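K.L.:
Residues per chain are reported as follows:
There are 2 protein chains.
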Amino acid sequence: MLSTKTNEIVVVKTETSKIEGIDFNNLTFGRTFTDYMFYCDFENGEWQQPTVAPYQPMTIEPSARVFHYGQAVFEGMKAYKDDNEKVFLFRPKENFKRINKSAARLAMPEFPEDYFFNGLQTLLNLDSAWIKPGIGNSLYVRPFVIATEPAISASPAASYRFMIICSPAKAYYTEPVRVLFAEKYSRSADGGVGFAKAAGNYAAQFYPTSLAQKKGFQQIIWTDASTHDYLEEAGTMNIFFRINDKLVTAPNNDRILDGITRKSVIQLANDNNIDIEVRRVSVNEIKEASRNGSLKEIFGAGTAAVISPISAFEHSEEVFEIPTTKDSYASLFKTQLLNIQHNLTDDKHNWRYEIK
Amino acid sequence: MLSTKTNEIVVVKTETSKIEGIDFNNLTFGRTFTDYMFYCDFENGEWQQPTVAPYQPMTIEPSARVFHYGQAVFEGMKAYKDDNEKVFLFRPKENFKRINKSAARLAMPEFPEDYFFNGLQTLLNLDSAWIKPGIGNSLYVRPFVIATEPAISASPAASYRFMIICSPAKAYYTEPVRVLFAEKYSRSADGGVGFAKAAGNYAAQFYPTSLAQKKGFQQIIWTDASTHDYLEEAGTMNIFFRINDKLVTAPNNDRILDGITRKSVIQLANDNNIDIEVRRVSVNEIKEASRNGSLKEIFGAGTAAVISPISAFEHSEEVFEIPTTKDSYASLFKTQLLNIQHNLTDDKHNWRYEIK
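Residue numbers (the working numbering), protein chains in the order written: chain B, 2 to 357; chain X, 2 to 357.
Pulled out of the complex, with its shape left as it was, chain B reads as follows (with noise of 0.2 Å):
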């Protein structure tokens, strides 16, 4: 057996590509996954040898805790090809980070900075065929973490899998959505896992949004559960509004994802000399805003979707419209962060991360 202390990743190898049969201008998102995975265990109080190989099924006990208990957490990133076949991530120490912070919240193990990294080189250089470059390309990549451990007893597990699967993507919302303002239903507790990418989040959210999908609605903007009055997120994204010039944003707090794209637009933001404010922002004061002409963008900001624009609104049965905006900041935020990631423009805050 190999020694447990190298982060030096064996891999193995696969003859054959599924690459052929893949066709890159008709993609679902997350359908689709590329010929390589990343895995490591964690047994016996450590990480085990990392490894890469060919992407295929697994094998699990039904008595893993994953299944019982829900301790799993995910990122979400995307890597990028230019035109010159480099390929990069955007701001990915910053998921490193993340998925950390989501596993302490559940018990589970940190992963080692230098086995995430290598992870995605050794990854991403066998699967970049998969990466297309162009403008609306990129690869999406899931690093997730889950408790194996055979044992249905109610407590934290002493084994997990980290995992890293690939799948190649366009861009995930392409229309503007219409949202609806949570108003029973919620997303987070105060003193909860909202901010943590833990999965019981979301399938939490899932017949919530298949509610508001039959009323026409293809996402919620979550509101706080204690009094429903103040936006939080929409679960896949962020939430800025605009104010006649100003944006505003809710802050994050135990119920908010610290979401990479929603920290890039603030900075973006700033950079671009656009008033910001991180405050809370109640429904009231949008209602309002709409009403008086002086709500004129609201945009969600994520990983797969990058910036989402918002065509309508609903809250209490009353639809609002939220008429185009010329110059609309969603679409030079997302102008400008696509370009910062398809190594297009300078990248002043250094937020790509080349893989070599």
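It cannot be assumed that every hint is accurate.
For chains that are exact copies, the list does not tell them apart, and a pair is met inside one copy or across any two.
Stated by the list, open to error - Cut-off 20 Å, straight-line C-alpha distance, at most; resulting in silico cross-link-like pairs (DMTMM-like, lysine to aspartate or glutamate):
#1 Lys14 to Glu62
#2 Lys94 to Asp115
#3 Lys19 to Glu62
I should point out that these hints are in silico values taken from the structure, not numbers from a laboratory.
Source: prediction; values computed, not measured.
Position chain X against the provided structure of chain B, taking the given hints into account.
P.N.:
Just chain X now, with coordinates in the frame of chain B:
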């Protein structure tokens, strides 16, 4: 291929039982599994062929939605054997109803009642030798459902697996437990999934519970997330407080699990002419009752522990010891429940369900 419309179970037998190697006097809860398991897949909009097969690892895609978005619900039940080798479950129809209620909240398909009960019958007959007679012995039965579809977009899965696995058990908690009243962390939000047996609800409790354990408290009694002023449940148990001769317990709501042992205790209190109030219970009321000597008992009620006496609680850095009470309600209910479960007494509410 077999018709998908049959609910007749395919049984795959094993030649060798693992039972000879098991020390039934030294069982750690949830770590030993019986010879068989039940499973049934949901594909193309319907539940497929139900199967009982040897308990074994399963094959699943790393992209299965359960790992990423936490669509996973479960139940906990116990099978008991009387001295005539008859096997009984305790109120299994309640578990059946609840797993479907949990599933609906997580946008998962409901499981058919005949599949559920035929599966239990077939499985427990094959595993009957694993159920030992005698008070304190039981077979813990774990139905659960997981999202198996290999797709990492944040939306409900199209495919699922329903499974039942079984683990022989001794009593879950043997000693009275010391608990901490939650002041900072929360288990669930109004409008959230706290009432469901959703996997993610449990992982969220592990870290706060580990902090409590470092202070010498085995469990947390969760309070409402908005104010932390009202006592709710303990994560694996509902909670009862005895003030003088009156019993009080929190009402069900969308944050609190509708416990089967809880509702059985309420019924038994009525049967025993014990005054019981189902209403909000404030932290201050219980602290005051402890100070003035009227707090006689606190105990938890849940399938795993049945009845679990609590010997102390902490709040605001103050520890309140609960003196031992003669003629304790906890002992009374535990004895009455175990006698019903083990077929040692009348069953006037038809709580026993015989496996034939």
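K.L.:
Hints first: check each against the structure and report whether it holds.
P.N.:
Here is what the structure says about each hint:
Proximity of Lys14 to Glu62 under the C-alpha cut-off of 20 Å is restricted to the inter-copy arrangement: shortest distance 19 Å between copies versus 26 Å within a copy. Taking the shortest alpha-carbon separations for Lys94 and Asp115, only the intra-copy value of 11 Å comes in at or below 20 Å, while the best inter-copy value is 51 Å. With identical chains, the CA atoms of Lys19 and Glu62 are at most 20 Å apart between copies only, with a shortest distance of 16 Å across copies and 28 Å within one.
In the structure shown, no violation is registered for any of the earlier numbered hints.
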